[in-house]
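Numbering (this note's numbering), first residue to last: 3 to 124.
Hints are not guaranteed to be accurate.
The following label-pair restraints were derived from C-beta to C-beta distances [said to hold, decoys possible]:
#1 N113 / A68: 29 to 35 Å
#2 A99 / D24: 16 to 22 Å
#3 Q116 / A54: 25 to 31 Å
#4 A123 / C25: 19 to 25 Å
For the record, the hints were derived by calculation from the structure and aren't laboratory data.
Glycine residues also receive a C-beta, built at the ideal position from the N, C-alpha and C atoms.
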Amino acid sequence: MPALPSIRPFVLVVEDEALVRDCTVAQLEDAGFSVIEAAGGEEAMREFEDHALVTTVFSDINMPGAFDGLSLINKIFRLRPDVQLILTSGRGLPLDAEMPLGARFLLKPYNSYQLTALIRAA
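Just need the whole structure built from these sequences, with the hints factored in.
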């Protein structure tokens, strides 16, 4: 019986700080993931809606604009609860009640091994 093709994770990175976003995208691409990026919540929703193959959303919590990372992942969870959701921040932990079921948190500063391990664990 032939082996089933592995599904390559498709990650949406949402980060308002361009340098952090660029580094994260590069690290994930080097790890073999397909990656798209957004600088804020509104752009992230457009990218998410345009890319049905997204398997993981990795978002900073604190971002300018109409909604932050917590609002973003809660919206995405309501649309597609099968998507892996990972939040990050250097300003403290979110409350469990604020996060959708199964969402994970990664404290900044993080390294590429920590992030890729979280994504692969799903």
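Here is how each hint holds up against the structure:
About 31 Å separates the C-beta atoms of N113 and A68, a value consistent with the hinted range of 29 to 35 Å. The given range of 16 to 22 Å is broken by A99 and D24, whose C-beta atoms sit roughly 33 Å from each other. Checking the proposed 25 to 31 Å range against Q116 and A54 shows it holds: the Cβ atoms sit about 28 Å from each other. Between A123 and C25 the beta carbons are some 21 Å apart, a value that agrees with the proposed interval 19 to 25 Å.
Going down the numbered hints, you'll see the structure goes against just number 2.
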